[in-house]
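Protein chains in written order, with our numbering: chain W, 3 to 294; chain V, 47 to 489.
Calculated directly from the structure, the hints in this document are not laboratory data.
The model shown is predicted, which means the values in this text are computed figures rather than measured ones.
All residues carry an ideal CB built from backbone N, CA and C; glycine is no exception.
It is possible that part of the hints are untrue.
[Unchecked claim] Here are some of the chain W residues that sit facing chain V, going by a computed Cβ distance under 7 Å:
no., residue
1, 10
2, 45
3, 254
4, 258
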Amino acid sequence: MSSQRAAWLFLTPALVVLGVFFLLPVIAALALSLTDYDLYALANIHNLRFVALQNYWALLQRPLFWSALGHTVYFVAVGVPLSMSTSLGAALLLNSPLARCKPFFRTALFAPVVTTVVAVAVIWRYLFNTKYGMANFALGHAGIQAIDWLGDPRWAMPTIILFAVWKNFGYNMIIFLAGLQAIPADLYEAARIDGASVWRQCRHITLPMLGPTMLMVSILTVSGYFQLFAEPYVMTEGGPLQSTTSVLYLMYDEGFKWWNLGSASAVAFLLFLIMFAVTALMLKLARRGGEA
Amino acid sequence: MRVVARLHRSRDLCSMQRVLWQACSMLCIALITSCGRAPAADHELTFWTIGREGEAVVKLLPDFERTHPGIHVNVQQLPLTAAHQKLLTAFAGGSTPDIAQLGNTWLPEMVALDALEPLQARVDRSTVVKPDDYFASIWATNMIDGTLYGVPWYVDTRLLFYRRDLLKAAGFDAPPTDWTQWRGMLATLSDPRRHTYGILMPTNEYEQLMSLALQESDPLLRDGGRYGNFESAGFKRALTFYVDTFRLHQAPAITNVEAGNPWSEFGRGVYAFYLSGPWNIGEFRKRLPAEQQGDWATAPLPGPSNAGIGVAGGSSLVIFRTSKQKDAAWQLIEYLSQLQVQQRFYDLLGDMPPRRSSWEGGALRGDPKALAFREQLERARPTPAVPEWERIANEMQLVTAQAIAGELTVDQAIAEMDRRTDRILEKRRWILDHARSPTGTHP
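Extracted from the complex, chain W is given alone in its bound form (with noise of 0.2 Å):
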């Protein structure tokens, strides 16, 4: 009993700070989002509404919440993937035994997570610029038009894609990397001694012994980046014709560029709501490969 009492005190600290900058926050943003918390809201609290789910009514009958969806799931089903096989393949070639200078190209590669996005923007700016751009310029020496890479609301979303992937796919070639390590060198031997070709290794060692990394490193990258938001705001501001405009961003606008946080609350929970489902699906997709 008094072990147990120890117990609780020990964690008290931890649980203090958990509820008064976690639950409380949350629980909180729950009941401004049954409100219509807004700017006459904020000059006196006596223009507050309760209107029960209104704003979740509101939010699925505008269009602008659908498209800001629809990039939203363009973004996580183009990127991911993109994301998780570029980390894979740069882990796969940094594990390579042939591969050199291995301390300086995890450094190089893993640089890009560790800058500042802003930064970063300007000089991504600069290379999709349509006039003075080197991936203009490039496509150019190939004799390709001109792309208006970051004007034309159809290549918007690709050229933030590649951006994000660019920026984010280091850290999973980190947790690729210590996978990659921990598989047992003797299984390469002994399929080695059977005869197996590398990529029969790689298809029937390593990939299996990769799964629970797979797993974890896709729900963390899923969940990522359903939050999209830093990308277009640097390099867009939401833009062309909205159509960078993600979830997050749009609660971002509803929120602080009108003041709408009523409104804005509904989005979080209604995004939150959407990327449980989406992990959860996919825990189950996974447990039920993991028996088959």
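Chain W is already provided as a structure; the job is to place chain V on it using the hints.
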């Protein structure tokens, strides 16, 4: 910091005491010196500026601080893109400045928050700020429900920049005064095959359409700002004229990002007209070669029947209600409202002064390019003074972009604008009907 470092090093009590004594005496000296310095600047004013005005105003302030020795002004420059949320966040956090520059479309929002100090009593006592000398419609944008909250700092209206030589070559001796004439000139001057257009109106800006719409007598909102009035005959005429300009290929359907460098393209004759604001007088003077300076001119905006009505834009100076130094802040407003200071401000930045007498001297006097602005400012019209206006104008622009792209007809577009506007104004209607607003400014 140094005291703390020393405390770490000194282990024995004796040196500890010595350190404490030193610390005490240092504190005393600090207190005495600060007391001695106090009268030198007993008012630290915080002044928030938005955009490039901040860079110019710091050049005007040394004179102010010399003539007002007790006041020191801290200028904080906010970028335009972040200013709006910064102001709202500051209000929510109770950290508003003493004095700020505020665009006159943002004023109603700050008034709805009850964040601003009414200024009428100070204006009545003032020997500098004379309401009669200000352009009436600009002054009116600072009156919300009969109470004055700001003093105009600079003014802005949108009108036509045009290529005199191109018009002349096409057989037009004078700029257009009404929409029918204008349409005719646009048709003559546009040739999509040669990539020349009559006019440039970037599709992601709402000011052009708003300027056209304000020329009609129908208000943009009806019933005291309770509902949208976009389905009125007047707005429909303005929108039809605007959208037709794109459909007839008399203006390219591009945003201002794609427009890139409109000044050099205007100089090359890609556009014969450019609907824009006063800052472009300076831009054209700077960017076009000397031999072309005679080729361009400005003209009042053509209207449905006659020219010269536009939007009353610009920025005002406001004092925040929570400021503890309102008198000092008012002295700064009076200083910035002086004729010579306004003229210097124009020389520095090209921001047009709001007082008629400021136009009678300095660089503005007899400037032919500024004359059209002077004329139009007398007849400018304010935008609806509701806090939601910025958002409504944004939606108006988004729906209009769809109409230009051919996704909506004009009738569908105005119905959609009214639908969106009525939804945005729902809360305002409720407040008005329940009369719960804190200031009672919304009876």
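Here is what the structure says about each hint:
1. 10: At about 36 Å, which exceeds the 7 Å cut-off, the nearest Cβ of chain V leaves the hint on residue 10 of chain W violated.
2. 45: Holds: closest Cβ of chain V sits about 4 Å from residue 45 of chain W, inside 7 Å.
3. 254: violated, 9 Å
4. 258: holds, 5 Å
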